[in-house]
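**Student:** Each chain, letter by letter, is given below.
Number of protein chains: 2
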Amino acid sequence: MHPFSDIPSATIAALGEQKLLPRIRRWLGSAMPAAPHGMGDDCACLPVPRTGRNRAPLVTVDPVIYGEHFDDAVAPRAVGQKLLSRNLSDIAAMGGRPDAAVVALALDPRVRLEWLEGFYRGLAATARRHGVPLVGGDLATHRGGLVATLTLLGHSTGPRVLTRAGARVGDFIAVTGVLGGSLMSGHHWKFTPRLAEGAWLAGRSEVSAMMDLSDGLAKDVHALTPARARAALFGDLLPIRPGQDLRAALGDGEDYELLFTLRGDPADARRLVAAWRKKFSRVPLTVIGRLEPAGAPSDGTIDLSAHHGFAHFG
Amino acid sequence: MHPFSDIPSATIAALGEQKLLPRIRRWLGSAMPAAPHGMGDDCACLPVPRTGRNRAPLVTVDPVIYGEHFDDAVAPRAVGQKLLSRNLSDIAAMGGRPDAAVVALALDPRVRLEWLEGFYRGLAATARRHGVPLVGGDLATHRGGLVATLTLLGHSTGPRVLTRAGARVGDFIAVTGVLGGSLMSGHHWKFTPRLAEGAWLAGRSEVSAMMDLSDGLAKDVHALTPARARAALFGDLLPIRPGQDLRAALGDGEDYELLFTLRGDPADARRLVAAWRKKFSRVPLTVIGRLEPAGAPSDGTIDLSAHHGFAHFG
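Order-wise, the sequence lines are chains A and B. The first sequence begins at 0 in numbering that gives the first Met the number 0 and counts up one residue at a time. The second sequence begins at 0 in numbering that gives the first Met the number 0 and counts up one residue at a time.
Simulated from the structure, these hints should not be mistaken for laboratory data. Built from N, CA and C at the ideal position, the CB exists for glycine as well. A couple of the hints might just be wrong.
Estimated spans, in silico, between C-beta atoms of each pair [unchecked claim]: (1) Phe279/A / Ala293/B: 57 to 63 Å; (2) Ala13/B / Ala34/A: 44 to 50 Å; (3) Pro225/B / Ser280/A: 53 to 59 Å; (4) Gly143/A / Asp302/B: 54 to 60 Å; (5) Asp71/B / Arg127/A: 20 to 26 Å; (6) Ile6/A / Gly242/B: 40 to 46 Å; (7) Ala124/A / Arg142/B: 28 to 34 Å; (8) Arg142/B / Asp302/A: 29 to 35 Å; (9) Ser204/A / Asp71/B: 52 to 58 Å; (10) Ser280/A / Gly202/B: 38 to 44 Å.
Which stretches of chain B does chain A cover? Using the computed rule of at least three CB atoms under 8 Å from a CB of chain A, they are [what the hints assert, rightly or not]: (11) 137 to 143; (12) 189 to 199; (13) 244 to 256.
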């Protein structure tokens with residue numbers, strides 16, 4: 000659906016701000032608690048204690064932008080779902096759990112009410128599924144544009160926050176799910192953020208670093224690779240989405256899978272994979288390579304310099 | 000400064016994402032702590048405990064948008080300063096203190112590096128002044144637009160969070176500072192958020208409800224007015240910015256002053272005003288009216304229905 004309408008009565012401008020707010024409350028339903036824990040005041044007051052013993056507070060922010068992340072072919076529900084899901088994937092990548100979200104919309108006055116309703120209903124459905132209250136937000140005019148920015152608060156599930164730093168030479172590199180073709184297959188609209196998996200991995204001492212795959216494995220793996228090391232990945236090992244190829248698995252991006260490193264010897268890695276398969280029988284976990292010294296021979300490994308992930312501002 | 004450039008070498012696209020990130024770190028300087036408490040991971044890990052005895056966590060979000068909130072005549076530093084200041088004003092309005100911020104930028108690839116540097120340096124200067132670490136953010140492509148969205152986390156300074164709800168018929172209505180002509184005078188670029196004042200007011204039992212003035216007194220006062228009540232404001236009492244008139248004080252908006260209600264009899268109100276003047280000798284505090292029953296005679300009070308504040312999507 001094209002988000003803008005030239006029929007004045009179909010737009011948010013015709014309804015006006017004062018009447019729009021109660022509509023948004025209705026569309027969000029139980030996903031938005033009452034003030035001061037929801038919409039309607041200068042700040043939202045968070046409904047849950049944000050910290051406690053062994054819990055570190057986390058925050059992440061990601062937008063969806065008309066003309067960049069979605070176009071007229073996309074259902075507005077899917078846009079709202081994805082906006083929250085991609086932020087949930089960031090919380091998953093730290094081994095955390097989500098607590099609450101705020102959403103800021105910059106909207107052309109010609110935005111269709113119908114589009115906005117679909118967007119909020121999709122957002123609310125995903126919020127309810129993951130138990131994330133939408134505690135507030137902002138609406139602003141943005142002639143010619145449509146940008147939705149969601150900030151997600153969460154907390155670590157244990158004393159440990161699993162960051163991108165922490166991998167060492169010798170660590171194995173592993174990935175959840177299958178890679179490639181996310182845009183073509185529609186995976187990026189309907190993926191389930193790996194929250195349970197991320198929390199479980201953060202509790203395993205073998206796991207040394209973790210991130211989520213958003214810009215493509217070939218680009219993202221560098222963020223886990225320490226100085227004077229090289230990611231040695233084996234093409235034969237990569238879990239590729241059916242119908243896709245190695246190039247897609249390395250460069251397409253938007254996989255929203257977890258990429259992490261594993262300390263120890265091959266027996267440790269095998270033990271972790273076996274424990275994973277008992278716990279998450281329906282989600283593949285694959286060891287795809289190892290961190291080697293930067294100068295080591297690269298026989299048989301993928302030449303990452305020949306592959307590029309998603310580049311912003313390109 | 001026009002934020003976009005047609006000279007490729009002057010743009011963020013020419014520099015590219017990978018080289019842009021270290022620049023942003025440099026521009027932000029000490030305002031951005033190192034990861035995991037700052038830029039560089041999937042989430043930011045908040046550097047301070049977010050709650051404790053008698054402290055409620057708060058969150059607010061507000062954007063600045065090119066073509067709406069600023070234009071080519073505005074220095075990019077001022078844009079960055081205002082983005083944080085307007086969010087700080089929301090924390091002040093709940094009687095809170097700020098803890099940390101994340102900023103998400105949606106940027107046309109033609110955005111000038113020079114514009115972006117000014118923006119971040121202005122943001123960082125304001126962040127340092129108020130002790131607010133910028134713990135993370137996001138950069139995304141937005142062809143044809145420039146939207147900066149800041150989410151600010153904070154906490155109440157005591158067990159009480161002062162919301163917009165809580166006023167009753169009989170309460171006095173008071174305001175800090177002077178009103179009107181914010182856009183014309185440049186006040187909206189350089190105002191100091193009323194953080195100390197807001198926290199002090201939240202600690203006074205006479206204060207029953209509070210908000211910050213952003214859309215104009217005539218519109219905003221309705222948010223503090225309970226059902227079956229009417230805000231009786233007296234034009235002669237309004238603190239008007241020199242050179243401005245009553246209409247400007249009621250409708251211009253962007254005052255970023257605190258509007259609040261006071262419980263009790265005139266002697267209580269006088270006592271609070273006297274205590275204020277000792278504490279904040281350079282900031283005017285003015286009682287401008289009272290909450291009356293909806294049907295009460297309105298002799299001498301301002302007819303608010305004849306004045307409008309800022310309307311979004313108009």
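**Student:** Taking the hints in turn, state whether each one holds.
**Tutor:** Against the structure, the hints:
| no. | hint | result |
| --- | --- | --- |
| 1 | Phe279/A / Ala293/B: 57 to 63 Å | 60 Å, holds |
| 2 | Ala13/B / Ala34/A: 44 to 50 Å | 46 Å, holds |
| 3 | Pro225/B / Ser280/A: 53 to 59 Å | 56 Å, holds |
| 4 | Gly143/A / Asp302/B: 54 to 60 Å | 37 Å, violated |
| 5 | Asp71/B / Arg127/A: 20 to 26 Å | 44 Å, violated |
| 6 | Ile6/A / Gly242/B: 40 to 46 Å | 43 Å, holds |
| 7 | Ala124/A / Arg142/B: 28 to 34 Å | 30 Å, holds |
| 8 | Arg142/B / Asp302/A: 29 to 35 Å | 32 Å, holds |
| 9 | Ser204/A / Asp71/B: 52 to 58 Å | 55 Å, holds |
| 10 | Ser280/A / Gly202/B: 38 to 44 Å | 56 Å, violated |
| 11 | 137 to 143 | holds (count 7) |
| 12 | 189 to 199 | violated (count 0) |
| 13 | 244 to 256 | violated (count 0) |
Checked against the numbered hints given earlier, the structure breaks hints 4, 5, 10, 12 and 13 and satisfies all the rest.
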